[in-house]
Structure formats: structure tokens, C-alpha cells
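Undergrad: Given only the sequences and the hints, what does the whole structure look like? Please build it.
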Amino acid sequence: MSQPSSSLGKDLVGLESLSAEQILTILNTAEPFKEISERRIKKVPVLRGKTIVNLFFEASTRTRVSFEFAEKRLSADTVNIATSGSSVVKGETLVDTARNLEAMRIDMVVMRHGSSGAAKFLAERIPSNVINAGDGSHEHPTQALLDMLTIRDHYGKIEGLKVCLVGDILHSRVARSNVFGLLALGAEVAVCGPKTLLPRDIAELGVTVFSRVEEAIQWADVLNVLRLQLERMEAGFLPSLREYNQVWGVSSAKLEQAPGDLLILHPGPMNRGVEIDSDVADGPHAMILHQVTNGVAVRMAVLYLLTGGAPDTAEAAKEGAEG
Amino acid sequence: MDEQAVQRAVARMARELVEQNEGPGNLALMGIHRRGVQIADLIRAEIERAEGVEIPTGSLDITMYRDDLMAVGPRPVIGASVLPGGGVDDRAVVIVDDVLFTGRTIRAALNELMDWGRPSLVSLCVLVDRGGREFPIQPNVVGKILTVLPDQTVEVSVPDLDGRWGVDIVSISNPAPEVEG
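Protein sequences appear in the order of chains G and Z.
To convert a position in the first sequence, counted from 1, into the working numbering, add 62.
To convert a position in the second sequence, counted from 1, into the working numbering, add 7.
Do not rely on the hints blindly, as some may be mistaken.
Sample of chain Z residues lacking proximity to chain G, with all beta carbon distances greater than 10 Å (derived) [claimed, not checked]:
(1) E26
(2) A57
(3) G92
Which stretches of chain Z does chain G cover? Using the computed rule of at least three CB atoms under 8 Å from a CB of chain G, they are [as the list claims (entries may be wrong)]:
(4) 66-77
(5) 122-135
Stretch-level coverage of chain G by chain Z, calculated; a stretch enters the list once three of its residues show a Cβ under 8 Å from a Cβ in chain Z [said to hold, decoys possible]:
(6) 83-95
(7) 360-370
FYI, nobody ran anything at the bench for these hints, they're computed from the structure.
We put the beta carbon where it would ideally sit given N, CA and C, even for glycine.
TA: Right, here's the structure in full:
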């Protein structure tokens, strides 16, 4: 009857440690979950009785709301904790916060944190499932998964496609997760951005480096345009926003030079007129709102798969729903 | 049951469904993933051939509604659930499955169906009723009633998954199929 999925293990910390099979399992599982958000009653009893804490130490609207919808549509009970107004501001450590939550019998933690490695740190210390919703400049796995699902929706595959990440690669957890995931699935990956915002050893990851966005547009099937965090300019990485827009910004004039079909992704929130022009963001190439819709389905898939327990119970899953 | 026996049973089931519903007009079929989907398709073709009207047909994957979902190990793969054309509201929905055993699948299917809308009537049509119910659920239309020993199970074969139509009783300890007619 129903075949078991390949196990993800206890946590989703990043895509670097996942196999192509595990990533494909998540993308394939997201497919049936898309339909639930189109129903009149947008709820299935998959996580009934599970308690999930959304622990956000950094500002987030899209990711937090997307996780919350995913959790609620799977019937989980959810609690949101933001740093302001929590005991974190009183000096409590991360592990103490989590242990106190566990003492109230939670099942999962979805965490965003400003420090790279925070999700792994927490996952190793508490028995609840931990999902990384972005940790410092390390990884943001569910964002890369929803990007890949959006690409696959359009092209029907990932393997063999040319995907270029444009912008601030150095500080971007979205870029890192995309590089790991896309390479695992057999895509060709490139990065493009000012030298000051590219990691020095980026080519070692197996990606091509373009120094001009026009070259990337000639080459790519997909451009994933990253958000320019405005504080980077103050830190001296960039001379001015206007110059950034003229050299690195994706405009419809530059896109006219694309030889074929070209998808534009953006993880949001967008700085219109900086890394992406308005007519591109609202234009026919842009899949930005499609990404947001897919985000809920991908997160439902991850939540569902992580409740799966240990691989040695695979036999039990094989016993189907006969009857 | 061999292919001919299955076809004959399905032809009769299709007639009974139309008769019980006083015509095919308001019927919608929902096959349960995976083998029920093919049986629903066969019933649909049979009704359309005999009555000359189109029967909206959808499919249900009940995985997300299983009562043992959290007890099983790695998550089962979820198939697609597809609403029949025109939805289920105010229709006479027929749930179609291959084997009726404990009734738990049907309980799950009913819950999923209710999340999709409000049918005017729901009935149950199965190719094989093997007894052993754990829930108060009974079929309206049955292809064949089989008596099955505790160490035996019923295997329904459908062309898309198994390459042929057939119903076999196999013993669980020794899974070589013995054809049962």
C-alpha cells in the first residue's frame, strides 16, 4: 500500500547535509499539500495534538506567517515567540529558553536566529524536532526548497538547469541553501554580485562566478535575485544604492537581452528600484508570489516528514491502510 | 477472480449504483488511492457506456486522515486527492475502494470528503468485502463477499499497478498467490 518516504531524521538544519533523494522527497511531498490550501476547509488532521513553537529571534513576516499557516493547516497547536517581549531580553540563554518550553511539552521548534549554527546547536540539545527558519548567514533551507519547487513547477525539472544567484552572496543564507540544494539536484549554479559581497572561496563550492549581471542573463534559465540588506552600504561594502541598481539591479532593459525563457525569483522583502526594478517584479518573468504560495506547501511537507520518527520503523509504514 | 469475473462484477456494480440512485444524473465517483481509483474508472466507463452521460470522477488519498498516522514510522508518501468536476456539494458521492476490511479507511475517507463540501448522499462501493469490521460501516454495493482466514489477506490487482485485473486470497506467511475464482 503506501510506501514510506525516505527519512529526514529529527531536524532540518540545512540542505548541505541532505541527499538528493531527501530533497526530492520534500519537493514531492509538497505537491499533495498544495491542494489543501485551495480547499474551502483548509485543514487536515496530520499534526493534530502536536505543539509547535515558532521562536523568532530576528524580524520576519513572510517566513513566520508561512510557517504558521503550514502548521495550522496541518492542525498543530502553535505558539509564537518573538524576542521583544520574551525573557530573552532579560538575559536567558537559548538553551534555557528551549528547555523551559520543553518542560511545557512541546513537539517542535521552528527557529530563526541571528547567529550561524544556532539551529544545529539547539537541535543537539533538545529532543524536539528543530526546523531552521534562518540562522545568521548560514542556511535558510525552507526558502531554498520553495525556490526549487517554484523552478520545478515551471521547467518540470531541476537537473541540468542553469540558476544564477544575484546580489549579496556573502551574507546570504538563502544563497548558501540554494547552492547546496541546487547542486545536489544536478543544476548548474552561478553567482553574480560585487566582489565585496562574494565570499572569497565561493568557486570551491562548484559554482561559476559572473562579474556582470548581463553575462548572467545571457547564461541563466533562472535568476534568483537576492535582497540587498541596506545596512551593507553603511558598512562600506557598496558605494551607493543608485550605483548598485545601475550595475547589479535587474531591469527590463537588461532582461530584453535574455536569449530564452528566464524566470525571476526573489525571496522578499524586495527593495524595488535597488536589486530589482518594479516592472520586473510585476512582470511576466517574476514568480515571486508563486514562491510565497509554494512556501506554505513546502513547510507543510517538512513538518509532516519530520514527525516520521526513526528509520527502523519503516516496516510499520508499509502496512497500508487496507480496510 | 480473474479479469472476466472482475469485469462482470464491475458491470453489475455499475448497474446497481445507477438503480439505487434512480438514474446516473447526480452521481459522482471518488476512488480511494490507489487501487480504488482504477476500479472507480472502470465503473465510470461502464455507467457512461450504458447510460450515455458523463460521470464526474475524483480520487481520495486518505493518508492525512489515517488514525494510525503518528504511530507509523517514516511518513507514508501522499498521493494526490482530486475533486470530481463540479465538486461534491449536493451530489450523490460514491466512495469506491478495492477491499473493505476494518472500515478505518472509509472512516478517514468520510472525514476528508466532509472537508471538501457537503454531498447530498454518500454511499460505499467495494469490489471485495472480506469482513472483519472494526467500525460500524457497511457497503451499499459489493462485487464479491469473501471469507478470509486470519492468516490470509485479499490482494486486488489492477492493470496500472499490477498489469492485470484480478482478486486473490494469499496467505500472509507464504505470499505466493493462489487464484480464487
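Undergrad: At a Cβ distance under 8 Å, does chain Z reach at least three residues of the segment 83-95 of chain G?
TA: Per the Cβ count (5), the hint holds.
Undergrad: Regarding the assertion that E26/Z does not contact chain G, is the least Cβ-Cβ distance greater than 10 Å?
TA: holds, 27 Å
Undergrad: Is the coverage entry for the segment 360-370 of chain G by chain Z consistent with the three-residue Cβ rule at 8 Å?
TA: holds (count 4)
Undergrad: Residue count check for the segment 66-77 of chain Z against chain G: does it reach three with CB-CB under 8 Å?
TA: holds (count 8)
Undergrad: Just checking, A57/Z versus chain G, shortest CB gap more than 10 Å?
TA: A57/Z clear of chain G: closest Cβ-Cβ about 30 Å, beyond 10 Å.
Undergrad: Far enough from chain G: is every CB of that chain over 10 Å from the CB of G92/Z?
TA: holds, 15 Å
Undergrad: Can you confirm whether chain G covers the segment 122-135 of chain Z, using C-beta to C-beta distances below 8 Å and requiring at least three such residues?
TA: Per the Cβ count (3), the hint holds.
No hint from the list above goes unmet by this structure.
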